[in-house]
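A.B. asks: Here's the letter readout for the chains.
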Amino acid sequence: MRNMYQPKVMIIEEIIPEAPEVKTFRLRFQDPAEREGFTFRAGQFGEFSLFGEGEGAFCLTSSPVQKSFLEFTIKGMDRVTKAFHKLNPGDLIGFRGPYGNWFPMEAFKGSNLIFIGSETGLIPLRSLILNCLDVREYFGQLTILYGAKSATDHLYKREIEKWAKRGDLTLIKTVDSGGDEPDWNGRAGLVPVIMREIGLSAHNCFAITCGPPDMIKFAILRLEAMGFTSDQIMVSLPMKMKCGLGKCGQCRIGKYYVCKDGPVFTYAQLFQFPNEW
Amino acid sequence: VSGEKISFFKRILAYEEIDWSERHTTKPPKEFLFPAAEDLFQFRIKNKEVLLSEPGSHHAQKIILGIKPCDAAGLKILDQVLLHDGIDLPYISLRENTLLIGQLCQKPGKYCFCTSVGVHPYDYHNMDLMLADLGEDQILVQVISQKGEEFISYFPGFFKDADPSTCSTPGQSKEISSYLKGGRLFDAQIVKDWLDKNFENPIWSKISTHCIGCGACTFFCPTCYCFDITDESIIYRQESYQGVRRRVWNSCSFGHSSQISSYLPVSCKDLKFRQRIMHKFTYFVDRFQQLACVGCGRCRHLCPVGIDILQVLETIQTMHSYSREVNQV
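Line order of the protein sequences matches chains A and B. Position one of the first sequence corresponds to residue 76 (this note's numbering), numbered consecutively onward. Position one of the second sequence corresponds to residue 7 (this note's numbering), numbered consecutively onward.
Simulated from the structure, these hints should not be mistaken for laboratory data. Bear in mind that the values here come from a model prediction, so they are computed numbers and not experimental data. Wrong hints could be hidden among the right ones.
[To be verified] Far from chain B by the CB rule (all over 12 angstroms, computed), these chain A residues:
(1) G185
(2) G215
(3) L217
(4) K224
(5) R233
(6) G242
(7) D251
[Stated by the list, open to error] Footprint (simulated), chain A over chain B, 3 or more residues, beta carbon under 8 angstroms:
(8) 89-99
(9) 193-201
Positions of the beta carbon are idealized from the N, C-alpha and C atoms, including for glycine.
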């Protein structure tokens, strides 16, 4: 029997600084045979670990179609994530996964999609956005609404510029009031405020959101006001998970385990949660 | 065995060490199957190479002698979590190499309330073998599982088939009869119904005012299983070091369980206390169709500030009947 706590070894190929204290790590399996057998779906997460420092659950952010590498993005917050930030290309880390559920790509087919992210909340959505762009023809309009404290805090800056130039998706960037710098070309205001300003049509549309819990709550209120039903709103809620396997009890919200029942929830499910997230 | 003040399970070297107590120990035997700190694997890093190895000491055969029905039922609850939907290797390797030789509970303690949560002091279901003292130097051994049968077969001639006409299970002790007469002290279904409706209720902060967050209730609980995972390592040179990844018990009464990055949803002690009650009496029931409490009463006994889970459950029951009456008026 396999010890499910034992990770696979991966090599860091590249470290991409995204914003202050936020970095993306590009990895490949040390054993190429592992890569062959490895698949995941957009929205899933993995347990990344640094031997001697600890383990953390982070969303996989590269496209599931991308076979040559795996990416994840983290902000340096605690012991493990800060230790990750000190690494260099070529260093080895542990990985186990993928865990959790995923975004229902099949259900999204033929619909318009709106991605609403704030701060590091764009991280769990990136894999899905890339995946949608891989098969762009399956979807209607794509809209990305992304906000952060200031322009420098925006993640995936170069990539977002590239997305904006594609012409087949709408990109709305915003910074918190006061966070705009002289050369800022986006909007200013909190994400839910911008949502009201631009107005969104709920017709044949799914809204996918992630961010700090307060932003999610207000975004959902706004979406409901615009006619979105609770099945049309999806939330990625990657709480601090530990084992990733539904055993350790760290990520529970009410009777649900985020690592097993999530991290992707519809608002209809979220509505059942007790008020503790 | 018995210590000066508390009784517990430990590896024995002589028969005389055994305390044939007819009541459950102060400390449950959970730690022998789900240790407070347990190596998940070892790692050794040497010149950019990672070597991972399994902890090897798990496979020694063990017997837990004198486990009581409540603690055996507690292991059943750990089984639910750790052996279903993904098998936990460290746990199963300890579990499979452990024989449970149980003993009837003849002297329930003053904190016990197992009958209220569906555990019986004579319940033998979760053991491998069950011992019952018949007096006159005779012990009745009930063979319950395959594992128990195998064990018996290693000692031919040592055991004698019981004659059903002369030896039956011993009669109830006086203590047990009066304990059983007490009946159920609360109805778990009513408690669950109330909990499902009262996530927000002033009672939570009232009950938990004195909680100091020591975690004794969960660490002495035969059913609590929440854990954290941490690394320990010895660095002896920059490029090469070794260490272990460990799981350690965690408790809902500690500060750092359950959080979204820097955002702490369960941070105040009333919320943490609520989580403990909710988990045992409704969340776990929803997930596994059984209660995560075996009524051993250890948490009532050992809480340094006297928080009494039974009192809480009885209060809930009372509040439920009040609210029903009020609704009828």
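A.B. asks: Quick check: which numbered hints come out false for this structure?
C.D. replies: Of the numbered hints given earlier, the structure breaks just one, which is hint 9.
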